[in-house]
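Chemist: If you're matching them up, the sequences are chains L and X in order.
Numbering follows this note's numbering, in which position 257 of the first sequence is assigned residue number 257; successive positions increment by one, without gaps.
Numbering follows this note's numbering, in which position 410 of the second sequence is assigned residue number 410; successive positions increment by one, without gaps.
Bear in mind the hints are in silico, worked out from the structure with no lab data behind them.
Model, not experiment: these values are computed from the prediction.
Any given hint could be a false lead.
Computed list of chain X residues with no C-beta within reach of chain L, every gap over 10 Å [what the hints assert, rightly or not]: (1) 41; (2) 223; (3) 227; (4) 298; (5) 574; (6) 593.
Heads up, simulated DSBU-like pairs for lysine-lysine below, C-alpha to C-alpha not over 30 Å straight-line [to be verified]: (7) 112(X) / 316(L); (8) 124(X) / 112(X); (9) 112(X) / 205(L); (10) 198(X) / 38(X); (11) 198(X) / 316(L).
Chain L stretches covered by chain X per the calculated footprint, using a threshold of three residues with CB under 8 Å from any CB of chain X [what the hints assert, rightly or not]: (12) 71-85; (13) 314-320.
Cβ coordinates follow ideal geometry from the N, Cα and C atoms, glycine included.
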Amino acid sequence: MTTCNLIPECCRHSGDDALTVEDYGRALPRWCLGCGDHAILAAVQRFCRDEQLPPEKTVCVSGIGCSSRFPHYMETYGFHGIHGRALPIAEGIKMARPELNVFVSTGDGDCCSIGAAHWIHAIRYNMDMTVLLHDNEIYGLTKKQASPTSPRGLTTNTTPRGSYLNPLNPLSATLGVANVSFVAQAVDWIPDILHEIIRMAYHHKGFSFVRILQRCPAYLPNTFEARVKDPSSVRLLTHEDGLVPTPAIARVYGNQEEHDPLDIHRAREIASVSDPIPVGILYRDPAVPRYEDSFDSDRTDTAETTGTALERELDKITIQASA
Amino acid sequence: MKTIDLPKSSTALREGNVRNLTEHVVEIVSDSGEGAQKCGQSFGTIAARMGYGVWTVEIIPAEIQPPARSVAGASGNRIRFASSPVTNGGDDADLVIALNEQVLLGRVGEMKPGCTILLENKWKDDPDSSVAGAYQRTVDDLDQAGFKVREVPMEEECLKHVSNARRGKNMFVLGLLCGIYEFDTQLAREQIESIFAKKSRAVIDANVGLLEAGFAWARENFDLRIRIPATRPDQPLVVANGNTAIALGIVASGMKTCAMYPITPATSASHYLSEIFEKVGGFVHQAEDEIAACCFAIGASYAGSCAVTITSGPGYSLKQEAIGLAVMAEIPLVVVNVQRGGPSTGQPTKVEQGDLLTTVFGSHGDAPKIVIAAASIEDCFYSIITARKIAETFNMVVVVLTDASLATAQTLFPRPRYDESWHAPPIDQSPVPKGALRYDWDPETGLARRFIPGQPNGMHAVTGLAHDRRSRVAYDPRINQEGLQNRSKKLVTLQKTLKTPPVFGDGEGDLLVVGWGSTRGAIEEAVRRVRSEGEKVSALHLRFIQPMPPGIGDILRRFERVLIVENNWSDRADGAGIDEDNRRYSALALLLRARYLVDADCWSEVMGQAIKPATIENVIREKLS
Ligand SMILES: Cc1ncc(C[n+]2csc(CCOP(=O)(O)OP(=O)(O)O)c2C)c(N)n1
Ligand code: SF4
Ligand SMILES: [Mg+2]
Numbered sequence: 001m002t003t004c005n006l007i008p009e010c011c012r013h014s015g016d017d018a019l020t021v022e023d024y025g026r027a028l029p030r031w032c033l034g035c036g037d038h039a040i041l042a043a044v045q046r047f048c049r050d051e052q053l054p055p056e057k058t059v060c061v062s063g064i065g066c067s068s069r070f071p072h073y074m075e076t077y078g079f080h081g082i083h084g085r086a087l088p089i090a091e092g093i094k095m096a097r098p099e100l101n102v103f104v105s106t107g108d109g110d111c112c113s114i115g116a117a118h119w120i121h122a123i124r125y126n127m128d129m130t131v132l133l134h135d136n137e138i139y140g141l142t143k144k145q146a147s148p149t150s151p152r153g154l155t156t157n158t159t160p161r162g163s164y165l166n167p168l169n170p171l172s173a174t175l176g177v178a179n180v181s182f183v184a185q186a187v188d189w190i191p192d193i194l195h196e197i198i199r200m201a202y203h204h205k206g207f208s209f210v211r212i213l214q215r216c217p218a219y220l221p222n223t224f225e226a227r228v229k230d231p232s233s234v235r236l237l238t239h240e241d242g243l244v245p246t247p248a249i250a251r252v253y254g255n256q257e258e259h260d261p262l263d264i265h266r267a268r269e270i271a272s273v274s275d276p277i278p279v280g281i282l283y284r285d286p287a288v289p290r291y292e293d294s295f296d297s298d299r300t301d302t303a304e305t306t307g308t309a310l311e312r313e314l315d316k317i318t319i320q321a322s323a
Numbered sequence: 001m002k003t004i005d006l007p008k009s010s011t012a013l014r015e016g017n018v019r020n021l022t023e024h025v026v027e028i029v030s031d032s033g034e035g036a037q038k039c040g041q042s043f044g045t046i047a048a049r050m051g052y053g054v055w056t057v058e059i060i061p062a063e064i065q066p067p068a069r070s071v072a073g074a075s076g077n078r079i080r081f082a083s084s085p086v087t088n089g090g091d092d093a094d095l096v097i098a099l100n101e102q103v104l105l106g107r108v109g110e111m112k113p114g115c116t117i118l119l120e121n122k123w124k125d126d127p128d129s130s131v132a133g134a135y136q137r138t139v140d141d142l143d144q145a146g147f148k149v150r151e152v153p154m155e156e157e158c159l160k161h162v163s164n165a166r167r168g169k170n171m172f173v174l175g176l177l178c179g180i181y182e183f184d185t186q187l188a189r190e191q192i193e194s195i196f197a198k199k200s201r202a203v204i205d206a207n208v209g210l211l212e213a214g215f216a217w218a219r220e221n222f223d224l225r226i227r228i229p230a231t232r233p234d235q236p237l238v239v240a241n242g243n244t245a246i247a248l249g250i251v252a253s254g255m256k257t258c259a260m261y262p263i264t265p266a267t268s269a270s271h272y273l274s275e276i277f278e279k280v281g282g283f284v285h286q287a288e289d290e291i292a293a294c295c296f297a298i299g300a301s302y303a304g305s306c307a308v309t310i311t312s313g314p315g316y317s318l319k320q321e322a323i324g325l326a327v328m329a330e331i332p333l334v335v336v337n338v339q340r341g342g343p344s345t346g347q348p349t350k351v352e353q354g355d356l357l358t359t360v361f362g363s364h365g366d367a368p369k370i371v372i373a374a375a376s377i378e379d380c381f382y383s384i385i386t387a388r389k390i391a392e393t394f395n396m397v398v399v400v401l402t403d404a405s406l407a408t409a410q411t412l413f414p415r416p417r418y419d420e421s422w423h424a425p426p427i428d429q430s431p432v433p434k435g436a437l438r439y440d441w442d443p444e445t446g447l448a449r450r451f452i453p454g455q456p457n458g459m460h461a462v463t464g465l466a467h468d469r470r471s472r473v474a475y476d477p478r479i480n481q482e483g484l485q486n487r488s489k490k491l492v493t494l495q496k497t498l499k500t501p502p503v504f505g506d507g508e509g510d511l512l513v514v515g516w517g518s519t520r521g522a523i524e525e526a527v528r529r530v531r532s533e534g535e536k537v538s539a540l541h542l543r544f545i546q547p548m549p550p551g552i553g554d555i556l557r558r559f560e561r562v563l564i565v566e567n568n569w570s571d572r573a574d575g576a577g578i579d580e581d582n583r584r585y586s587a588l589a590l591l592l593r594a595r596y597l598v599d600a601d602c603w604s605e606v607m608g609q610a611i612k613p614a615t616i617e618n619v620i621r622e623k624l625s
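Let's have the full structure, built from the sequences with the hints guiding it.
Modeler: Right, dumping it as structure tokens:
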């Protein structure tokens, strides 16, 4: 744990007080052994530890699904919501309390199917939050039904002859929406890069959308295996303003492309290719306005100011008593 | 009430032609866009400023731009004004002004026998013979039916003052009305100044000119005056419709977040609120749909800033799952449902009280929530303040029911005096004692303290899953039972604090008429009328529907018979094929019969408009006979 001994005030916790990774953990996760959600949880906890995020000022929000159990495993504030609605809940929290750190965990069914309308609009609102799409390309919690991101031909309990439709591409979809400001992709099996991308997502002031390819060994034991084993199945997107892989990572993942996160056209091209899997920051534009900034949140209204405002409104519709 | 007899020819005003009355119901109808609504609202405002009791009702076509001269396109306003305060729109119209005969046709059912009709006569000479023919036929038919049709050359008179008579004719009409009712023309001029405040002097002058022309024309050509004494109020009053009252109530309650998706007839509340919030702080979030709106409000409430979401029927249905989440996680939430005609898209602009049962029982599983029905426009204001307070005290969902009639009708009520205790407290950020449990349900009350993000030691994850006192997912069925019990107990706790509603009339008698929501004014007026003839009839009106205040059962049992009157569906007891085994009772009747085991009867209608006092009066008489 790095502590800030020079200027102790700059960190809420320093020295012996510093929070450890364990401090950010609550209950023992109940995900299957080998489930990619474990890796995502570990990356977020590690990130919180690195930044020493005050747990009481941090809120993890989710919908419903295996992945949406996430808030129960974080020793922060949490909101395990209803299926598909994590984003509007998170928006309400952020709007009421812009100073809170907001993380959203959502599954591919949760975000791209039942919550798709909210997803599109959340991109447009561009509120400052870090959104982790746990994309296992399947419905896990309800036991193996096709999801909008399931590859065509995948045999599931609702598609015995193989799924009939081409998958929806969450990266392309996100990059197509007005006000998109941050899009990245990570895979659960490269923890250092996952961690690094979460860090950059957090520090982007806006709606940071991170699609994470997440293994589901329970229902799709074969889908990810080949990709996990073969480092060339991943193409790292590197840039001085984006992902800068450590030498160790760079040695293993030699398939790389230099990509400027400001280049949305190239980002869209990259997004459209799924093999090899692009990993890194596809797009980032810090200049996109944030919805929460449209309202003056500093204005603290007291009973007194409210009373004055109310009286002023009432004046306009008042009929005075006879003198 | 007697009808007015307008002589056909201009004669000097004789004393006998002055009618001294205590109230009148006036309607102004036109094609949409001709300004009948503005004229009616202005007339209502002038009446209010003169000291009359006033109740205005909007006449709204279903479409934005219905075809001209169509029956369904009637747009306008109905104004009931009286010497004493009025609590509802009253009965059929005494006097109607129409800018063409077609818009009148759909209104005939709302006119008193012998009602006076002032009709624009330009259609008589319309170059299109089918128009001229339709006009003449309608005038003849109305005459035949006993209405007193008075043809007025409105266009012709207006053209003496302006080049385009279509714009401004409504102010000529306002002048006519001021002439007939001997209104204060200075107030009328001021009203025009205020409506056109943002327009040029020339526009204001032209409209004042038309007003004066209308006034003079009425004076010269009608030897009829209707005199209704006005009394200046002894306390300041405000004029508002129910949606305005709700918006003001939201501000007064200290809530800063209103999440909504546009839907008639709820939207205008958020229009007005958006404007006020610009000045006060706070914001209206127009979400992508009602589900998002409800979830957004829940998110804000969870984060410590109690929020409101406002909607109408279809949107209310969409919110159900999220409402259940707030119930389960015990997050305060205020939901306003401005009811309209249902089911489905139903009748968007029309009045109905069809959502009571879905509000009480809505959302799957046992989802206890508080239901308050505003009984008047004034009550719309106070109900929101009460709702916010209860929501935060009990960490519960509070639904405030109003309907299209309260939403769009305007009336007067005593000006509220701001009370600091209405205001939401600042967000609690004090540390939670170590080890404290989020759902540490009090065994007596079922209440548990909410922990708000930012409070040290309060970290927990709320969930819609069954959970234990730490908010951890519960796998033990006994924990589920415990949660349900405590959430239910909160209703009991609140119920014990409620006061028994007062009985209107004597505490016992032959018949008790029970209602809820917007029908209060009409029911009590009907009951007053039959009581004045010595009938032993009283009324009871419920504001809290869930929980029901104590003492209701005792009141019901003190009457020979109980009749519930509502604006929703019920089978008539004598309907074809209806018997006790299959009769569907109206919503409140179902609730009262089930809870109090009283053989209460019901009468209801779904005519898309407020129930008239005379209708209720007839129903009461029938029940008594
Ligand atoms: C309104 C509603 N519909 C359906 C469900 C059932 N359901 C729960 S999770 C889920 C899909 C989960 O898939 P995903 O979002 O991909 O999450 P995963 O379990 O794969 O992490 C469904 C359909 C529900 N809880 N609520
Ligand atoms: S079913 Fe799949 S997604 Fe769910 S916990 Fe198991 S491995 Fe993970
Ligand atoms: Mg999934």
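Chemist: Among the hints numbered above, which are violated by the structure, and what are their numbers in rising order?
Modeler: 4, 7 and 9
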